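As you go down the protein sequences, you meet chains A and B in turn. Quick note on numbering: the numbering used here labels position 103 of the first sequence as 103, and the sequence is numbered without any gaps. Quick note on numbering: the numbering used here labels position 153 of the second sequence as 153, and the sequence is numbered without any gaps.
Misleading hints may appear alongside valid ones.
What the hints assert, rightly or not - Now the in silico label distances, taken between C-beta atoms and shown as ranges:
id, chain 1, residue 1, chain 2, residue 2, range
1, B, THR22, A, HIS61, 48 to 54 Å
2, A, ILE204, B, ASN161, 17 to 23 Å
3, B, GLU24, A, PHE308, 31 to 37 Å
4, B, ALA141, A, PHE424, 50 to 56 Å
Unchecked claim - Restricting the straight-line Cα-Cα distance to at most 20 Å, the calculated cross-link-like pairs of lysine to aspartate or glutamate (EDC-like) are:
id, chain 1, residue 1, chain 2, residue 2
5, B, LYS251, A, GLU57
6, B, LYS159, A, ASP307
7, B, LYS102, A, ASP117
8, A, LYS126, B, ASP240
9, B, LYS29, B, ASP187
10, B, LYS102, A, ASP129
11, A, LYS216, A, ASP189
12, B, LYS153, B, GLU137
What the hints assert, rightly or not - Away from chain A, derived, C-beta distances all over 10 Å, residues of chain B:
id, residue
13, THR101
14, LEU107
15, THR157
16, ASN236
Just so you know, these hints were derived from the structure itself, not from any lab. This structure is a prediction, so every number in the text was calculated from the model and none was measured. We put the beta carbon where it would ideally sit given N, CA and C, even for glycine.
Spelled out from the first residue to the last, the chains are:
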Amino acid sequence: MTRIAFFAGLLIFLPLVCVAQQIEIFGYFEPQLMGARIGSELYQLSSNKLRVDLQSEISDHVTFGANFDYITYHGKTEWDILKFLPERTKNQAPWTQLFGYNFNPYVLQFNDRQFLDNAYLKLALKYADVTIGKQQLSMGTGYAWNPTDVFNKKDITDPTYEQPGHNALRVDLPLGAGYRITSIYAPTDDWEYTDFLLKLKGRISHFDFSVLGIQKQWRYTDARLFDPLLMSFYQIPTKRRILGADFAGELLGLGVWGEYAYNDIYVNATKYVIYKNAVISSQSASQPMNIPANYYELVLGVDYTFDFQTYIMVEYYRNTEAHSDHRNYSFNDWMHLLFAEKRSITRDQIYAFVQHPLTDLIDFGNSCIYSISDNSLAIIPMLTYNIFQNVDLTLIGNIYFGEEGAVYSDNMGNGGLVRARVYF
Amino acid sequence: MKNAIIWFLLLLIGNLPAQELTGEQIIHKVNDLMNQETMYARMTMTIITTSGQERTFEYESWSKDFGEKNLIRYSKPRRVKDQAILMLNNADDIWAYFPRTKRVRKLATHAKKQKMQGSDFSYEDMGSGDAFINDFEATLAGEEEMEDHDCYKVELTKKKNSDSHYSRLVMWVIKENFVPVTIDYFDEDDSDRLLKRLVQYDIKEIGGVPTGMKLVMYSKEENKQTSMHILECKYNLPLDDNLFTERGMKK
Numbered sequence: 001m002t003r004i005a006f007f008a009g010l011l012i013f014l015p016l017v018c019v020a021q022q023i024e025i026f027g028y029f030e031p032q033l034m035g036a037r038i039g040s041e042l043y044q045l046s047s048n049k050l051r052v053d054l055q056s057e058i059s060d061h062v063t064f065g066a067n068f069d070y071i072t073y074h075g076k077t078e079w080d081i082l083k084f085l086p087e088r089t090k091n092q093a094p095w096t097q098l099f100g101y102n103f104n105p106y107v108l109q110f111n112d113r114q115f116l117d118n119a120y121l122k123l124a125l126k127y128a129d130v131t132i133g134k135q136q137l138s139m140g141t142g143y144a145w146n147p148t149d150v151f152n153k154k155d156i157t158d159p160t161y162e163q164p165g166h167n168a169l170r171v172d173l174p175l176g177a178g179y180r181i182t183s184i185y186a187p188t189d190d191w192e193y194t195d196f197l198l199k200l201k202g203r204i205s206h207f208d209f210s211v212l213g214i215q216k217q218w219r220y221t222d223a224r225l226f227d228p229l230l231m232s233f234y235q236i237p238t239k240r241r242i243l244g245a246d247f248a249g250e251l252l253g254l255g256v257w258g259e260y261a262y263n264d265i266y267v268n269a270t271k272y273v274i275y276k277n278a279v280i281s282s283q284s285a286s287q288p289m290n291i292p293a294n295y296y297e298l299v300l301g302v303d304y305t306f307d308f309q310t311y312i313m314v315e316y317y318r319n320t321e322a323h324s325d326h327r328n329y330s331f332n333d334w335m336h337l338l339f340a341e342k343r344s345i346t347r348d349q350i351y352a353f354v355q356h357p358l359t360d361l362i363d364f365g366n367s368c369i370y371s372i373s374d375n376s377l378a379i380i381p382m383l384t385y386n387i388f389q390n391v392d393l394t395l396i397g398n399i400y401f402g403e404e405g406a407v408y409s410d411n412m413g414n415g416g417l418v419r420a421r422v423y424f
Numbered sequence: 001m002k003n004a005i006i007w008f009l010l011l012l013i014g015n016l017p018a019q020e021l022t023g024e025q026i027i028h029k030v031n032d033l034m035n036q037e038t039m040y041a042r043m044t045m046t047i048i049t050t051s052g053q054e055r056t057f058e059y060e061s062w063s064k065d066f067g068e069k070n071l072i073r074y075s076k077p078r079r080v081k082d083q084a085i086l087m088l089n090n091a092d093d094i095w096a097y098f099p100r101t102k103r104v105r106k107l108a109t110h111a112k113k114q115k116m117q118g119s120d121f122s123y124e125d126m127g128s129g130d131a132f133i134n135d136f137e138a139t140l141a142g143e144e145e146m147e148d149h150d151c152y153k154v155e156l157t158k159k160k161n162s163d164s165h166y167s168r169l170v171m172w173v174i175k176e177n178f179v180p181v182t183i184d185y186f187d188e189d190d191s192d193r194l195l196k197r198l199v200q201y202d203i204k205e206i207g208g209v210p211t212g213m214k215l216v217m218y219s220k221e222e223n224k225q226t227s228m229h230i231l232e233c234k235y236n237l238p239l240d241d242n243l244f245t246e247r248g249m250k251k
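This is chain B alone, in the form it adopts within the complex (with noise of 0.2 Å):
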């Protein structure tokens, strides 16, 4: 009998569901696997064009305090070469320098709209630090198989005093290693209206966290898209805090 006993509990354990992660919880662990307290990247940006003509880019940024600080300086090709963005406050403050001129100009957040050389990424798709978690309020809105992972659908619906471009944000997370594979960008006036869908491709893990390898934002309403491929990347490395500063966007 005592035996019977311990075999349904047993049994009973065995079937009762893991704890559910609610969509904030999904969201505050994509967070924390995307703003490390350090990280720097070589990367290129390939913009394929409506008429398929191609302009390839390389790049690197660096980021600090998980995200909130952040450097992106193009060294190709010639045409930009050490052009710079800083972001700082999670894009709160931003500055371009424009060498041949030797002017830093601030922008205002506005700016954040505007393309990255013309491609699908917009400065805020690029260095927004805890954007997910500050603009956004995440529901768990299912699980999905995407692109091969099995998936937490999240949808992120924009709060109400934040000044995201973006009305609203559907995510698909890896439920592994919480790595957002797919995320789907809606227009921010109107919400039904998909402008862009970025997918994460070949995630490796480098320094303990898993990332991808190539990301590709597709646009919808264009024939048009735009790869990057990481070249070099580390995460938690030392970085001095000068180097986010004019003196540090100036090199």
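Bound conformation, chain A alone (with noise of 0.2 Å):
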């Protein structure tokens, strides 16, 4: 009911609003059913997603953009996490007592959600752009991996949909002839571990290239100690230091670009006796989970455009944090992948992407993540089709070809999506 009038109001007074401040109001709504078959059953998800955004030229200036993002899901709204794992793994889960009854906390939930997903001022003064509030931040010049932006994971089957809105200051200093500082600076719980990054990025010849220094706070969840009074995992904080780089240019008539993350993981001692005691003293876990003291992420990349419109991409990707052989993938590791707080947990990727125009409305891509470390394969077709001047409509397919316990075997889900996108 509250969210029922919190959007009359706003479809009432929002366009009151706007013609007094000549704000700008566009968005997208995009339906979207999902189906995959975990195991031996069928499941089915369908969500709406409405997108809007507000932009107003405050003055010449100062900038004001911001999205309200507002998502239904329909179907199977909760997905068992640990059908998605191996038996092997699977059965290290621990069983959780709530009440005195087995409860599973390994379970998403894809509940409603409405959110304030950017909130920005833009201010563009004669030497700098400073912008503060909620915005997106995105790093690299990898395709479907970044190792230098520690603020997205970006979704392998779908690597270009939007990342969300990270509140941060960020001021970016243009220093002429393609030159350019960018520092952002973002509050977190804990002033030690603050998150800071200062990159320069410039050009030599024709090619662009950047170094950058971050520190970010960084959480280890122990997936097997779980807290029925918080209803949450446990989680060690942790401040990840990186010294990184990237290119992006021409080689021989290819497009080919890179990107390299050396990787610091400073551990409060403190911090971790109490983990550790916490360990001790649980009956789900025997072992602290590993934590590297450092590891580097890589990424290669090569493109082509043929003169009969195909486009290729090839990209490698190297996480030395991850494991090189799949027996070694722990209960954590997997919790980790698929609550998106590793990239990877497989050392050594290759991702290769073939896009075509079919019609002048029509392009079909194919993808193809394989890990050299285990031998999996996932194969991704999609379709994109511009059914009419503001609407598309998207296929994507997932299928998985590996063993048992590999990264992108088929306990991940064969399936698909379709998609409309209604821009406004």
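Once you've looked at the hints, go ahead and assemble the two chains, each given alone in its own frame, into the complex.
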């Protein structure tokens, strides 16, 4: 009822405010139907997403931008995450007692939600751009993976989907001749773990490059330790410090790009002792989870467009925090992957993408993600059809070919989705 | 006798042909005309697909330094609003901006082959600055009437080290004002294969520069065409260099 009243108010008052303030309203409506075979069951989940964007040029140098998302879910709205895990790992999941009953905390719930995704002010000053508030932050030159982007985790089956906003203060300082310094500050709950980023971007010949340093609070979740009172898993905060670089340019007629990030993980000794004691006192975990001292991520990519309009791209990704043998994927590794806490649990991967316009309005694309480390493969065909002037229809399939326990095994759920998007 | 000699000389001069321009000279004049110091235009682009459907886009474009820098930003429809393409160094450096993800992506020059929003115009057709001079050798192939204009017919053949995606162009240039009223584009690998034809209509003087207010690209292999209409156009206006940067792309 509250939601209905809120939206009724929004619909009535927003146009009036917009006329007065010359606010531009736009956005899209996106209904989607998704289906997957999980084990022996067929799951179907549909959603309706309404995104309303507001934008206003308050003065020559000040812009206000915001968007509000409202999403409803229907169908199978509770997914048991354990069903995606291999048998060997699934058995490691501890059962939790709640009021004397067995309780499964590993259920992903798709609840209706509405939230302010972005809301920011951008000041275009003479020598700098300053952006304050919730805003999209994206780093790196990679297509499927971005090691230097600590703010977002792309969905590998749909890497170009928009990312959420993050609360931050961002300053961009153009230095001329293609050079620019970007700094980002984002407050956290602990001053010691405040998020900072400093990046220098430049250009040499036909290559763009950047070097950057980041400090980011990073929480490692131990999915074996569930607190039924707080209804949450135990998390240990760490300080993730990154030195990174990226480039994009052209070599022998091919587009080439790369991205590298060296990650140094700092764990406060006192907090780690408290965590170890929590593990020892628990009945569900025998050893603390592995928190690496350091690791690196690397992306190298190449692309080309043929005369007949076919576009191809290949990207290689290495993550040394991840495992080269799938028998080493732990229960926590799977949970970190499925809850998007980690980009990968398999060490070496290749992403290949081919796209061709079938007609003026229909594009066909196909992505293949191959784990070199565990020899598993995901094939993701995609068809996009601009059905009317402002209406896109997208079909995406997911087919997995990997043995039990591999990252792209059919435990991940063969299926697909149909998505329409109507822009207004 | 003296008068007879003068009359003879006058007759002789009168019958001498005007000094003929070479293909290279004509193409330089075309290039000078097309690449003014700066330019701003607001245009619509309408694609008529093979199935007869229409898609209309509106965009703004800015160019500076005689076509060496180009920025294109879409304003309509909503689906592509604020998407931008920046081309520097005669389109040897290209960046695309996607407002939905706030990402700027550096593209290699092969991206110039890609069709602009599925139209019959490639990015190479849109912003290659001095491409007619740098990428092609021009020879005068004759004089012909085209689209009711007296024209030079100029043949442009791709130079060896050029990265153009056409093997040759045939251009009909209006003698009076050096507007390339028609251009035929031939396949990179098969120089006899005509891919498409560009025709300029409704030529008007804007700020002293003859400008085709309507351009139509006819696809010769598919039953489709793309037309562009200039809604607003200005030449030689002051444009800040900052416009042609990543900051400028994001507005």
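(message) Name the hints, by number, that the structure is in violation of.
(response) 9, 13, 14
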